[in-house]
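Participant: Listed here are the chains, written in short residue letters.
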Amino acid sequence: MAVAVAVVKARYLLTATLCVLLHQNVAAGDAWESNRGLFIVSYESALQPIEINRIHNWQLHIANAGGDPVTSADVEVVGGMPLHNHGLPTRPLVTEELGDGNYRLEGMRFHMAGDWELTITIVADGKTDVVIVTLAL
Amino acid sequence: MKRFLLVLAMVGVIVAGWLYRPLAPEPWTDSDIEILQSLWIGNLGPVPPDPSNVVADDPRAADFGRRLLFDGRLSASGALAGLACAQPERRFTDGLQKGQAIGTARRNTPSIVGVAYSPWMYWDGRRDSQWSQALSPIEDANEHGTDRWHVVRVISEDPSYNETYKKLFGDLPDLADEEAVNAAFSNIGKSIAAFERTILPSPSPFDDYVAAVVANDVASQKELFSDDEVVGLQLFVGKANCTQCHNGPLLTNHEFHNTGVISFPGEVPDKGRVIGVREVKNNIFNCDGPYSDDLGRNCAELEFARTGPELIGAFRTPSLRNLENTAPFMHKGQIASLIEVLQHYNQAPLAMIGHNEAKQLGLRDSELRQLEAFLHTLSAPLTADQQRRL
Numbered sequence: 001m002a003v004a005v006a007v008v009k010a011r012y013l014l015t016a017t018l019c020v021l022l023h024q025n026v027a028a029g030d031a032w033e034s035n036r037g038l039f040i041v042s043y044e045s046a047l048q049p050i051e052i053n054r055i056h057n058w059q060l061h062i063a064n065a066g067g068d069p070v071t072s073a074d075v076e077v078v079g080g081m082p083l084h085n086h087g088l089p090t091r092p093l094v095t096e097e098l099g100d101g102n103y104r105l106e107g108m109r110f111h112m113a114g115d116w117e118l119t120i121t122i123v124a125d126g127k128t129d130v131v132i133v134t135l136a137l
Numbered sequence: 001m002k003r004f005l006l007v008l009a010m011v012g013v014i015v016a017g018w019l020y021r022p023l024a025p026e027p028w029t030d031s032d033i034e035i036l037q038s039l040w041i042g043n044l045g046p047v048p049p050d051p052s053n054v055v056a057d058d059p060r061a062a063d064f065g066r067r068l069l070f071d072g073r074l075s076a077s078g079a080l081a082g083l084a085c086a087q088p089e090r091r092f093t094d095g096l097q098k099g100q101a102i103g104t105a106r107r108n109t110p111s112i113v114g115v116a117y118s119p120w121m122y123w124d125g126r127r128d129s130q131w132s133q134a135l136s137p138i139e140d141a142n143e144h145g146t147d148r149w150h151v152v153r154v155i156s157e158d159p160s161y162n163e164t165y166k167k168l169f170g171d172l173p174d175l176a177d178e179e180a181v182n183a184a185f186s187n188i189g190k191s192i193a194a195f196e197r198t199i200l201p202s203p204s205p206f207d208d209y210v211a212a213v214v215a216n217d218v219a220s221q222k223e224l225f226s227d228d229e230v231v232g233l234q235l236f237v238g239k240a241n242c243t244q245c246h247n248g249p250l251l252t253n254h255e256f257h258n259t260g261v262i263s264f265p266g267e268v269p270d271k272g273r274v275i276g277v278r279e280v281k282n283n284i285f286n287c288d289g290p291y292s293d294d295l296g297r298n299c300a301e302l303e304f305a306r307t308g309p310e311l312i313g314a315f316r317t318p319s320l321r322n323l324e325n326t327a328p329f330m331h332k333g334q335i336a337s338l339i340e341v342l343q344h345y346n347q348a349p350l351a352m353i354g355h356n357e358a359k360q361l362g363l364r365d366s367e368l369r370q371l372e373a374f375l376h377t378l379s380a381p382l383t384a385d386q387q388r389r390l
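Top line first, the protein sequences correspond to chains A and B.
Taking this note's numbering, the leading residue of the first sequence gets 1, the next gets one more, and so forth.
Taking this note's numbering, the leading residue of the second sequence gets 1, the next gets one more, and so forth.
Heads up, none of these hints are tricks.
Label pairs and their calculated CB-CB ranges: (1) B/214 - A/132: 37 to 47 Å; (2) B/308 - A/49: 20 to 30 Å; (3) A/74 - B/72: 53 to 63 Å.
If you want the ones that stay clear, here's a sample from chain B, every Cβ over 12 Å from chain A, calculated: (4) 2; (5) 17; (6) 72; (7) 139; (8) 147; (9) 203; (10) 214; (11) 228; (12) 234; (13) 275; (14) 290; (15) 329; (16) 353; (17) 381.
FYI, nobody ran anything at the bench for these hints, they're computed from the structure.
For glycine and all other residues, C-beta sits at the position ideal for the given N, C-alpha and C.
For reference, chain A alone in the conformation it holds in the complex (with noise of 0.2 Å):
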């Protein structure tokens, strides 16, 4: 009982170090990996934290599975709350690669509470995948 105690506690500790060492801020920390495993992708958004009902931008970071960062690649991104069988209320699109496996999202806006699903697909070298994002506002 203690040992299982003393590993939760490691984990907590673990994840808290990991998240202060993140920006404080656990959704820019986290990466996601594409279906295939060939990129990974992480996002930091410019209004911090996301609030329902505002539109801004975002900045995608994809790498490939060693961690490279992926330039010139192809970017679509769509979304949606699978429980409500909606979709986001805008089209967001990729606007401009930034250079070093970044690219900038325009027109994001989520305008419900609860549990988003962003569907992007990458294509880069002739190669694509997609990539399953999950957020909780």
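Since the structure of chain A is provided, determine the placement of chain B on it from the hints.
Facilitator: For chain B alone, kept in the frame of chain A given last:
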């Protein structure tokens, strides 16, 4: 035997009464209080700037716009003012199923209170600013039934209007120069919008109650809200799912949803937003158009507006503030009373076109009545300042 049946019937009545008794309030939790604060008028914030309208916050333009809005000469009949539809005592709606002017409008007249906070105007969002919206009724054959040339002529023939216009925008255009007439017409809309931006909601009993909850002032809470109103509010932020769309201090997400509202018999179902988004993108008076004052073209809402099958039959979520003055309800005024609106959401019928996003709620009649009791607490009288300015 008779006595047994009588006892059985009495027990039945007692059990049924217990089952359908109105629920008693639960204590507010910290997360509930956070939701309540997100709906509180004190968190509304200042009216967002409208860079597409250079006179948006100019009091001289607002005064000019107010005079224009009340002026019947801007209609073809010479007698219909903009406020025929937007009656102050009805929170700037008209109490009719569909707006009535020269003819019958396509839809129910929405309120203009607090609309400055919305990126979209009308039930289908076919305009993206208050100034471009203000221009539409003037040229709608069923509303004012006139045109931009007539409006410019009215301004030029009235010495007082003429002088005010010149001070704000410079000389009136030559009527033969269509682009210049468009620019002058947009200036009229921008003045009306400058006035409309000042029409904002006032604090309601609900807002006072939230303040009392936040302050943990139990005596004031009891004075402000009955038990039914408290339970209604708990349902509103809880299992009735209302805050999925009716969120924020205006109790709207300004977005478009299909909630399965049935058309009038014999009427073709209204496609709503799916047509509205096409119209706003093509409107010359939109944020990205030649008559917008936003030189930086910060038109993210318009640029990233989406379309798609799920917007078929979708309409803009209306604010719930001052509901009791704004009946009948829904985009064509199909539902006469608030309790029927709640029954509609409780049943969540299949949509005639598209799909109904709402799910059945399974609320009891007593709960619907409690929700209704709460909704009445969102009404506030016009402030003295609002009355003075009208």
